[in-house]
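For the record, the sequence lines run as chains A and B.
Position 116 of the first sequence, counted from 1, bears residue number 116 in the numbering used here, the numbering being contiguous throughout.
Each number in the numbering used here corresponds to the 1-based position in the second sequence with 1000 added.
Since the hints were made in silico from the structure, they are not lab data.
Bear in mind that the values here come from a model prediction, so they are computed numbers and not experimental data.
Keep in mind that the hints are not guaranteed to be accurate.
[Stated by the list, open to error] In silico DSS-like pairs for lysine-lysine, Cα to Cα no more than 30 Å straight-line:
| id | chain 1 | residue 1 | chain 2 | residue 2 |
| --- | --- | --- | --- | --- |
| 1 | B | Lys1159 | A | Lys130 |
| 2 | A | Lys112 | B | Lys1306 |
| 3 | A | Lys11 | A | Lys155 |
| 4 | A | Lys155 | A | Lys78 |
| 5 | A | Lys107 | A | Lys73 |
| 6 | A | Lys176 | A | Lys224 |
| 7 | A | Lys106 | B | Lys1306 |
| 8 | A | Lys155 | A | Lys107 |
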Amino acid sequence: MILEVQNLHVKYGSVRVLHGIDLSVKAGEIVTILGANGAGKSTTLNAICGLIRPSSGEIFFNGESIHRLPAFKIVEKKITQAPEGRRIFGTLTVEENLDLGAFTSKKQDRVKKSLEWIFELFPRLEERRKQLAGTLSGGEQQMLAIGRALMANPKLLLLDEPSLGLAPVLARQIFKTIREINETGVTVVLVEQNARIALKLAHRGYVMELGKIVMEDTATSLIKNPEVVQAYLGGAGV
Amino acid sequence: MIDLRMIIYAAVSVCWLVAPLFLGNYHTDVLNNIAIYALLGLSLNIILGYGGMFHMGHAAFFAIGAYATAIINTSYGIPVLWLLPLSGILAGVFALVVARPIIHLRGDYLLIVTIGMVEIVRIALVNNVFGLTGGANGIFGIASPTIFGHQINGIVNPKHYFYLLTAFLAFTITVFYLLEHSRFGRALKFLSSDSVAAEGSGIDTSGYKLAAFVIGAFWAGMVGNLYAGKITFISPESFSFWESVVMFMIVILGGAGSIPGVLLGAFLIIGLPEYFHGLQQYRLLIFGFALVAMMIFRPQGILPPKQHTYATDNASEKKVSS
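Chain B extracted, bound-state conformation (with noise of 0.2 Å):
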């Protein structure tokens, strides 16, 4: 079975890394959406899948990254990929101030706190805070990212940005992996599932918590930037609730908790509409029928956390111990 399981993730990668070579630019500049999705999808999935944390406001956090790269790179030129780390601990700074007050708060009361905090950002950059970010219509002009001298220009080239966007995500993965699997991964695993006899047992979880929001907030907050450096303009609208939610889908659908069914679930909500165009006018209709019959039929998501496998008979424990 693992070894399946492997075969298919090893297929599923070649694919992915040889799809632009068959794709035109317009199929790999949806591949590139792809990407970002999955990216914010894995950061939000620290917050919202181990840490069973209801945050509907992620977006908040990735406009964060985005418009610090964007202005800072605009006044000063300083080149978009250096601006990477920045972009995330700005990100992370305002998760922590952010997320304090509000961390001890459970499900749909987190949720609302949330909603609010992404669209008073949003309002923020409407109306043009301290004169940096350009009001309604945003921030033209970000340079593109440079690697060795060599321009990678999402608009022109998307598919140079593929593989910029695939390095960036294998690196999340294996972080993100090694995450779910150390102290702190099994921490929140404990504390979402019972806080208190977490908490009993010796766990800090409001701490924890606030780690994994500043951890998800930071990792938005650099996809923020690597979204700037694609488009090489941001507006308001690109941070709305609405982008918000659909991350929220992404990690629900998908499996919480699984970086797989994350993976997954950004190419489904975000890949299949756009290969569905003739549909367009249906799209939302659809889309809404496969929430609700999701939420009846699978209500884990579609690949959800593996479960552990358990020796059951004593031959095969004795393997285990040995």
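Bound conformation, chain A alone (with noise of 0.2 Å):
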């Protein structure tokens, strides 16, 4: 197991909103966590990578415990997000953005070589590494966010709605990007809205409601299961 999250309890001042969260991912998979707005699945992310202190529970990275880190030193764990509503620079350029994704590590070919990598994911940043990611389209924008996430040579990808604000086939062309990712040996682990695209990419999958696991599953599984085509997938047909 290279994440494992034990009953995670997380609240906002007095509000209770991850009620005992239990997770657990394997090198190498992606996995997707699914649920309505609201359900604490951006704030279970959040937990991982450190940005929000858990009340209780325990999070173990490759069996080192990690819930009392600061977020900055799970980023040099190898942890790394491209959060929700993707918060790149945009009065930066797109090459200012990447190289402050690659702020702790001190190797300059290391840097160079992630750059490369990253240019060749989104050959579209290559073509804007001089223009200000303000002026990027969304869906831009998001490559951005992904490719910040990955100069620092993550182990762990975390993903918070990739899809978000996204045209149908940028989404696309995004998800078959996360799965080039991911075959290069970064595990990933997705939270989205659009559960179709998700299940389709992912190897397993979680289902949250109001702060609670109810589901968990092969992605297979669960893209033919009954209540989650009902409630996720817009009823009768797959």
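Using the supplied hints, reconstruct the complex from the two chains, each of which is provided in its own coordinate frame.
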């Protein structure tokens, strides 16, 4: 297991958001977390990468406990996130944004290699490397957010709603690239509202409701599961 | 464009350097005040400009440097300039202790706490804390700095002091320019524009913010040393909340995060009112109007940080990469 989340509870002030989440991710997998708005998907990701402190529960990465580490230390452990809403730096260039992703790595040749790899994955970013990130289209900004997360050479990549606000054709393109990234050995945890496309990509999936995990199965079974079809895949037809 | 900028900077520097040769003592002293506030503005710029932290208590660090110099110089006779690093260190340590618990506060909340801090420091000084600060009367008889046995008296001969301050100003500009373009400067730029994204990319945001606070305070403490050596008499009045506001205005009006902007801000806010003494009673009124107008028409400051220029066509792009 590359990632183990045990009995994770998170509160925002006095509001309890997560009521004991158990998750495990094997190395090399793509795992998706499905659920409606407010189910706690993003909160779970933010807790894993240290942006939110859990009120109780434990998180292990390669057997090492990480839930007490600050977010910047977790990046050094090779977990990075492309956050929801992308959060790129609009007033900096594409290249400067990617540079920031490599803030933790000290070896220049390694950084250069990652940059080349990212430009291979997203040729569009190379074309626009000198352009201000704020002037990119939504899809390009998403590519940049993923690229920035990859600059730190993560072993575990957390993606929060990569299809948010994208045209279907662009979303498919992004998902194809996520598979390519995974095939190089990066483990991926994917939070998505677009359940169909996420389940096609993922190996396994979890379904969350109101801060709890209500279902866990392989992606191929989930996509056929009547309850999942009813709730997330638009009823009758698959 | 860049060349034009360089020419202007060079011309302004030369004018600044030769100005005392043509000015009387009074006007040279005005320049000295501009230099002091330019230094204070630059040190605040690390915190407020690069770090994006609304810190309105910078006079506290200035005061600690000045009082440290005054107390040690008058009690033990240690020469003022020798105390320059110590004044900075004491202010920096104070900043470390004070800023640590409040560094995570944002925007207006930080502003309120720092206002509280500067008031506490001033009241402590007025109340003659530990019997060291001389209460409301302050401390008299601080020695002037000496360099190679040559005394630089800021009152009798402001021109000598002018060149001491100018040398320190040049040193400061160089250091802060290098800082701005270092890994540290980049980290501050990232965290001030989106601290969550910066933290999520592996930047120790609270560590860098704290470092910015300590560096800014360290520098303000050193300026306090030079200030004490200049006027040889200090009292709590010189370190009121209003002084903090003036420093804040210099940075915001001139252009937060821009070294030339802060220098211009110091000149406008400290220098101009001195040259319009005839309008004494309307000074603050005009000032207030100018501030309001600025916030409406140019909220980023008069000389905001230079926007990068980006190659857009392929020809010039090749030039960049090769």
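Q) Are there hints from earlier that the structure breaks, and if so, what are their numbers? A) The structure breaks only hint 1.
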